[in-house]
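A.B. asks: Sequence:
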Amino acid sequence: MEMTSENLPETLNINDIAPQQLTHYRQKSWLEWLEVMASVGMIRDIDFQLAKFFAKQEKGASAQRIAVMACAVSYELSKGNSCLPIADNWSPLKALGVSQLQPLFAPDLLQCDWIGELKSSSLVAHDFQDAMRLPLVFEFGSLYLQKYWHFEGALAQKILEYAEPITMEASRLSTLRLQLDQLFSWQLNYLFSEIQGLKKNNVSTAIIQRAICESLDVVDVEGIAIDKVVAIATQARNINDLEVLKEYIPLSACLNHQKVAAATALTRRFCVISGGPGTGKTTTVSKLLAALVSSSDSEITIKLAAPTGKAAARLTESIGQAIDSLPVSPEIKERIPTSASTLHRLLGAIPNRTEFKHNSHNPLHLDLLILDEASMVDLPMMYKLLSALPAHARLILLGDRDQLSSVEAGAVLGDICQLGGQGYGVAHRELLNKLTGYQLPPFIHTGTAISDSLCVLQKSFRFHSRSGVGKLARAINSGSSKEAEQVFLAGFEDIEHLEVSAESYQQLINTLVGRYQEYLSLRYENNGEMTMPSFARRVLQSFANTRLLCAVREGEFGVEGTNTNIERALARKSLIPVERETWYIGRPVMVTSNDHGQQLYNGDIGICLLDESLEEPRLKVYFELPDGTVKGVLPSRVPPHETAYSMTIHKSQGSEFSHTLLLLPKTPTPVLTRELYYTGVTRAKHHLSVYADKAIMQRAIKQKTARSSHLSQRLVTDG
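With the sequence shown counted from 1, adding 4 to any position gets you the numbering used here.
In case anyone wonders, no lab produced these hints; they're calculated from the structure. Among the hints, a few may not be true.
To be verified - With a straight-line cut-off of 20 Å between C-alpha atoms, the simulated PhoX-like cross-links for lysine-lysine are:
(1) K388 to K151
(2) K232 to K250
(3) K83 to K708
(4) K706 to K83
(5) K689 to K463
(6) K689 to K670
(7) K670 to K708
(8) K63 to K123
(9) K151 to K83
Unchecked claim - FRET-style restraints, in silico, Cβ to Cβ:
(10) A22 to D134: 40 to 50 Å
(11) Q717 to P639: 47 to 57 Å
(12) P621 to Q104: 36 to 46 Å
(13) G145 to Q511: 47 to 57 Å
(14) P446 to R48: 28 to 38 Å
(15) Q702 to R48: 25 to 35 Å
(16) V411 to H365: 25 to 35 Å
Just so you know, even glycine gets a beta-carbon here, dropped at the ideal spot from N, CA and C.
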């Protein structure tokens, strides 16, 4: 059956539709309706094709009803949901987002016992045995395509297998305690500098006390002689004078969440460390790796990975810097890896196939895997990753549970982190107290097998108390639009808000032209003094200082419109050629499709430059690879791509920019959620400019993403 296009009536008011036309529509079957929806873009063609497939497989009058439910499951996958909740009052029109079409449907077409249809269908499984052979599965009140049901169940089983403690002898625990105390010792130089600054400003004793507690992670002020501590800190003439504080502040009065996370990761095979920007996830990992390597008699194979090339490059850079500053011997530092790869490269991507070289039959050769930006990893990929781990391996997931979930189906990190927050079980809490010297507060164990494997870092070292970006991020996360508005009004130097208008839009474009002029001015400055990779790295780093992030792709407020307008403005300033060809010196591009042969992946940023080191100078597009090296590619060899003066917030995950400019559309859109807004805001390292109407920002903060999944339920055990 070839798809035909049919126009829907201009009005859906039943009184305004001609009787003959209404009869025409009400004679349509479900499949005919789905064909119409696909032809006008209400659903995807793949959703319709799947419905046709199931209609052919099912027998009798139920065929088309099962088909429409299968279509709805496929449609849910496109929205990132692993399954489709179906209750007694389930509406297929509401599920497909086409409730406005209800007047055109024959009433008996919509009157159906949908759950009864699922129970009687020969294509729907309701128990484990049938689920291994049937294409649809109904469990937890939700309908799954069998493949995604398998991904979810098998992933949960894998995580539960890994979420177990590592048995250690008392001597090993004592060694780890000493190493953790050394690695997470107080940074008294920072405290001394801060106290000196506060004294110059003649601040109150209460402010000095708060600064001491924040710097030294003191949580039990009642348990220490705080007046004596303040006196020592304010009278100190140098850093050494602060050493005596250790006599007055026992570790039992402190709580450093980084140290707790490191201790957890060292004592369990599976660990999740979640935290916002600047909370020290990479610092924590570098320290726990130092402790692990130092305390191990044999060599440990450790691998670092991230979902995208940009995220892997950032991990390579940040963990290298963190390891350089560790208080350990050069020999220990040498044994800690600093080069990260993409997940696709780690697993061994096979061109034009969804399978990988490494799987359960050919596992990865490693003892420990650390995966950064785990929120970006979808359900199928996380399943494939854990399937490829050897039986003895350990896994540490790093990420921000409040960020956007993966583009594809699933919200794995968020689902796992739902089980945290209730504290640790008695045995694990006692173990952590031994390893850290702290007194973690007692909680009633909730009975989840992985609760003891979850850690949340809460203290931001990037966004200090005077940072508007940090306060705005916290306000968004708390769901308080009023608090977010107050942040903009508080006069912070690192954030600004402008209502969207023709004038402010032009100001936005002008600002970007000025900022991008910095990297464009470097295009011709090499003169053979630097190698092309070194020169290209310098240009790429300059370009990364500024970025415009959009919530949507289409229109004046989207990536397509802003990229066009920025290019035109740059051309008017003669910063790029007026008669632009496809490629010109300085053109930034983003790869939009994976190319395993070129080692270039969706989201990678490159800049077109003239390679004058060749006998005949020619244009090349330069990319920074995950290991930190820079690669030049002929324009004709660059995978599918687009100009990248602006990019979507989704594509910006795993990146950060010194000055981030955030543009939100003037009209509401389903993609504009709290998670999207938070992710955009937290891409800013030093300065944030938000161009958005107040009502749109308020709406985004209220609209929290809720993906349909039952991974959390599968991870709950009676243990």
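A.B. asks: When the hints from earlier in the document are held up against this structure, which numbers fail?
C.D. replies: Failing hints, ascending: 6, 12 and 14.
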